[in-house]
Amino acid sequence: MPRIAVTVDGIRYEEDVEPRLLLVHLLRDRLGKTGTPVGCDTSNCGACTVMLDGKSVKSCSVLAVQADGSDVVTIEGLATAGTMHPMQRAFHEEHALQCGYCTPGMVMAAIDLLREDPDPSEETIRHGLEGNLCRCTGYCNIVRAVRRGAQSMGQAVTTP
Amino acid sequence: MTEELDAGVVAQQIAESGQLSEPDSTREVGKARRRKEDARLLAGRTTWTDNIQLPGLLHVAFKRSPMAHARIVGVDVSAARDMPGVVAVFSGQDVADEQGSLPCAWPVTEDIVIPDHPPMAVREVRYPGEAVACVVATDRYLAADALDAIDVDYEPLPPVLDMAEALTEASPKVHESGNRAFTWTFAQGDIDAAFRDAPVLIDRTYVQQRLIPTAMEPRAVAATTDGESFTLWSSTQIPHVLRVMLALTTGIPEHRLRVVAPDVGGGFGSKLQVTAEEVLCLLLTRRLGKPVKWTESRSEGNLTVHHGRDQVQHIALAAEADGRVRGVKVELLADMGAYLMLVTPGVPLLGAFMFNGIYKMDAYSFDCTGVFTTKMPTDAYRGAGRPEATYAIERVMDELAAELNLDPIEVRRRNWIRHEEFPYTTIAGLTYDSGNYEAATEKALSLFGYDKLRAEQSDRRDRGDPVQLGIGVSTYTEMCGLAPSRVLGSLSYGAGGWEHGSVRMLPTGKVEVVTGTSPHGQGHETAWSQIVADSLGVPFDDIAVVHGDTAISHKGMDTYGSRSLVVGGMAVLRACEKVKEKARRLAAHTLECSPDDLEFSQGAFKVKGTESSKTIQELALAAFAAHDLPEGVEPRLDADATFDPENFSFPHGTHLCAIEVDTETGMARIRKYVAVDDVGHVINPLIVEGQVHGGLAQGIAQALYEEAVHDAEGNLLTTTMADYLIPTAADLPDFVTDRTESPATSNPLGVKGVGEAGTIASTPAVVNAVVDALRPHGVHDIQMPCTPERIWRAIR
Amino acid sequence: MIPAQFDYLRPGSLQEASEALASDEEAKVLAGGQSLLPLLRLRLAYPSLLVDVSRLEELTGILDERDHVFIGAMATHDEVLRSPAVIAGCPLVALAAATVADPAVRHRGTFGGSLAHADPAGDLPAVALALECVMVTSTRQIPAADFFLDYLEPALEPGEILVGVKVPKLGPGWGFHYEKFHRTAQAWAIVGVAAAVRRANGSIQEARIGLTNMGPTPVRARAVESALQGVELGEAVRQACAEAAEGTSPTSDLHAQADYRRHLAQVLTHRAVNAAAGRP
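Chains as they are written, first to last, in our numbering: chain A, 4 to 163; chain L, 36 to 831; chain W, 297 to 576.
Calculated directly from the structure, the hints in this document are not laboratory data. Where a beta carbon is used, it is the ideal one built from N, C-alpha and C, also for glycine. Check the hints yourself; a few may be wrong.
To be verified - Non-contacting residues of chain W with respect to chain A, defined by C-beta distances greater than 12 Å in every case (computed):
1) Gln-301
2) Gly-308
3) Gly-329
4) Thr-356
5) Leu-359
6) Phe-366
7) Pro-387
8) Ala-441
9) Gly-498
10) Ser-499
11) Arg-518
12) Glu-531
13) Gln-535
To be verified - Covered by chain A, per the in silico footprint, the following chain W stretches (three or more residues, Cβ under 8 Å):
14) 337-349
15) 456-468
What the hints assert, rightly or not - Cβ pair distances, simulated, as ranges:
16) Glu-315/W x Ile-14/A: 34 to 42 Å
17) Gln-301/W x Gly-91/L: 20 to 28 Å
18) Asp-132/L x Gln-301/W: 33 to 41 Å
Just need the whole structure built from these sequences, with the hints factored in.
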């Protein structure tokens, strides 16, 4: 069984894994990171989106062995010192979640799209989220939240 | 817009009613409170059923039929039993004497055929994905491996796929008793007279395609026992109903069974069910003495979560030459699928009283036959019966307008119930308590820019623009707030429609609210807190709302049918009133006055005309201490209450959709969507708007994107999200929403319910828009979903 | 769903990878895994061994050569669509890569993986065909025209690994467009058209058209290409594009019937050519 080393939300783990173990099951079943849910088996829904070495990936479509040596950030690792990430706060403010199942992946995808475009248009946001399905919100408030999150993240950078 | 609408009449009507109530800054109700639920969901600290870990937990996986219809010749599980990590393997035959039959709680007629429905098939499989065996293993990976080692020998039987064919003599049978489950009829007025010599007759057949509800959280079940008592966790909308039904089905006594709905990731009706997997997980934990858990994969779920809609609707409308409707005749075939599940036969009945919509007419008849096919059973899906009815009447009203060359708004205006006519008893026998169709329509037209878009449409038609513009109207109402128990009884439903709430003042002055509703995304914790905060005068943040566990919430009828606020919120309000009455007696005793001398304001009882007062928090502590209670007052400041509505509630509204249709490719894209809804008084406008948004997306999805497709052998082709297309953010527009407010008169909160309105209204608005765009091409219908290919073929 | 068991090898060299693949008929290459993992999870594939080539140095990187851009097989779609070399030298590749699936999938899915998967519904095979790319493998170079043999069947021998792709630079005067037609933003293309057009003096001098999902392999719309030669922009272009479905053999499936795909090929080719020629 291959042995992998992976850092998840700032903690380094060494695990013996079956080659077929999916990253999302490593997170959920082995490391107790149940904040990242699974919503499909074809990488369409995006509920399981996490950051792998700083970029969004669907953790149901990555093998744990492929993540060997990598840094993973999940929804559980976003808050700092008990304070929500600006994007989490924006989702709350704009009522951008209902059942909350897509939310962890949606928040990760939203943060990811701001890496490339810190001030995205509605069009850019909608296309940036096309890999994440939501069944509750009709996406309107998610789009608003991403815009609000972008604004406050922009401020966070410029404000010392 | 018509001249009459411009004539100022409507402006006056708006002035009279339909206005939004002014927000009151001293009250919680009406405030756009951010949700209490969000923090844990945003932090990933959720308890989805699949998150549950128990010592010694075993994992369950199901072997499912790859065929739509077949006789089971044999199930060989011996190889699977020898696989690593496998604890047990059972076929349907192995549990045949113990598994019972899945329940149907809605026998809609006396002669309805309710076939035996074993949780695991024993002799015959009747839909693709039906469970035939299960594996219990130490790990979910090993359980999946063992499924591959189970060998099932099938003898194929002919599938039954088309409803009309299924009802012919020559058709193969799904069950020995035949393919007709029931026929239910209803008529009011003289329908023959209405149709005799009618100047205008419109006769159409519409297909409500089969849908897969697709809540984002796949189903999951966990079960454990200590040998005597059982606990079942399930991703369900109905922990209370489930407990009763599982007790009846499994023989586990109700008092030994606790059912928990932890965080539940959406339902939309699909988790309003008693499932094979829930029954079998209980059975497995009973047999093995170990906790078990099952979590479905999406492709498993697309096959075996109950499906929605699937009706063939024949609707005929008779009208006068000026467009006034005389009568409507409806004949439905409703696809039950292979079995009758919890409320399968009742779903079309929920639409039976709504095909007349918001219109006045003299006669109405309804005839529905439920048909068995070799497909997954259908059951409740967001709107359940009302979207089907609304679709048919709103589509056919557009056809009437086209026939008479009238604006679709005008033809509706000539028929709808005027606001001064409420309460109004419709031809279908329902009493619509309140509404203002004129006001909602006027607001929608103005937000939409109706005249301008009509002008653009006309211009594009004149130019022969390859991109045509269509404008769709839907002036809908629906019945929700399920439901008056006496009405459910008269429709042969197996339970009541009341709801329960309890409110407990804790010694420290905080408040614990227990609701019988079972939210799975709706935000009850927030909205109920707003109601309680106003009623008891306690801070919003001092209130906790608990739900979804039968050990905590003893009574309830759960969440579906846009009922939670209308019925459950009212029960909570009633409980608050009772708490205040108890507190008043205690306050009078403490303040040495008569209860009648006390006035209650902002959380305190004050002796009229004095400064002497006690806060409700002080009284809660006094009740707890019980040092000085009046005669007959118990040491508790809490109360239970139930609410059983006397009528349904009737949200309504006007939705307008502008759609651009590329006539070269057939692609339809929504350009503008305006929804003006009247859901009565609003507790939390933020939540209401969110419900409307989500409802719109699902209704639009039915109109344009989603369809469960079977091949000629009855295999489901749309088993994954790559094939069953859910719209993404990039496929939907920003929605313009607004409201009018005609308070419901059937409950003191004046609320109507909002969970399904958007879905009910939007599907016909979108299809009407598509058809409107293509009328110059001679098109008067496109079957849903209006895919580019279907649109292209219609134009050719 | 959960993949069946398989062995895993992360070879240290291209040779080791080739040997492992050659010695086991049921072995499969694992690149980004974005096509393979869903197949494994649905148990539509049961490989005995996955050879993870993602960390082989030879397969990484994007190089700006004199007459072509070399795109390493392991370059992700995201790297490709942002690469200055690609944007400058072969922008059609960037345009098409930007339409593949969604951002998270593009972070893992690779250029080489998409081509070696040889799915005619994928967006990149038609581009490779239209641009006359050369596939560089562990043993030889294969012109794109000879690479896509059949549905999911690339011209790779056992043990042969796609190392990278030489994408010719078409030089000045060329315009490009990828027109993708799909029902939802994350859905596969029903039909896609990759167009490269060289324009001079208001007429089309030369055109290269690749079609996505119009047969078991990506297809070159040769009839359109020759019909477009010397054609002035305008109605003549539409007429030329009416031949787009010639020589194609699209399937009828859940997502579209063959005749509709043929019709779409004409409409979309017209749009793609116009867009590539800089005409709105």
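Against the structure, the hints:
Here Gln-301/W does not stay apart from chain A, with its beta-carbon only about 6 Å from theirs, under the 12 Å limit. In this structure Gly-308/W is separated from chain A by more than 12 Å, as the shortest Cβ-Cβ distance comes to about 14 Å. Not every Cβ of chain A is farther than 12 Å from the Cβ of Gly-329/W; the closest lies at roughly 6 Å, contradicting the non-interface assignment. Interface exclusion of Thr-356/W from chain A stands, the closest Cβ pair being 14 Å apart, more than 12 Å.
Consistency note on Leu-359/W: stated as away from chain A, and its beta-carbon is indeed over 12 Å from all of that chain's, at 22 Å minimum. Look at Phe-366/W: its CB is around 23 Å from the nearest CB on chain A, clear of 12 Å, so calling it non-interface holds up. No Cβ of chain A comes within 12 Å of the Cβ of Pro-387/W; the nearest lies about 18 Å off, and the non-interface call holds. Separation of Ala-441/W from chain A is adequate, the least Cβ-Cβ distance of about 31 Å exceeding the 12 Å criterion.
Consistency note on Gly-498/W: stated as away from chain A, and its beta-carbon is indeed over 12 Å from all of that chain's, at 32 Å minimum. Non-interface call for Ser-499/W relative to chain A: holds, since the shortest CB-CB distance, roughly 34 Å, exceeds 12 Å. With 12 Å as the threshold on Cβ separation, the claim that Arg-518/W sits away from chain A holds: the shortest Cβ distance comes to roughly 33 Å. Every Cβ of chain A is farther than 12 Å from the Cβ of Glu-531/W; the closest lies at roughly 32 Å, confirming the non-interface assignment.
Distance to chain A confirms Gln-535/W as a non-interface residue, since its nearest Cβ pair spans about 34 Å, more than 12 Å. For the stretch 337-349 of chain W, the stated coverage by chain A holds: 4 residues have a C-beta nearer than 8 Å to a C-beta of that chain, and at least 3 were required. Here the stretch 456-468 of chain W counts 0 residues with a CB under 8 Å from a CB of chain A, which misses the bar of 3, and the coverage is violated. Separation of Glu-315/W from Ile-14/A is about 38 Å and conforms to the stated range, judged on CB atoms against 34 to 42 Å.
Distance hint check: the CB atoms of Gln-301/W and Gly-91/L are about 24 Å apart, consistent with the given range 20 to 28 Å. With their beta carbons about 36 Å apart, Asp-132/L and Gln-301/W fall inside the hinted range of 33 to 41 Å.
When held up to the earlier numbered hints, the structure conflicts with 1, 3, 15 and fits the remainder.
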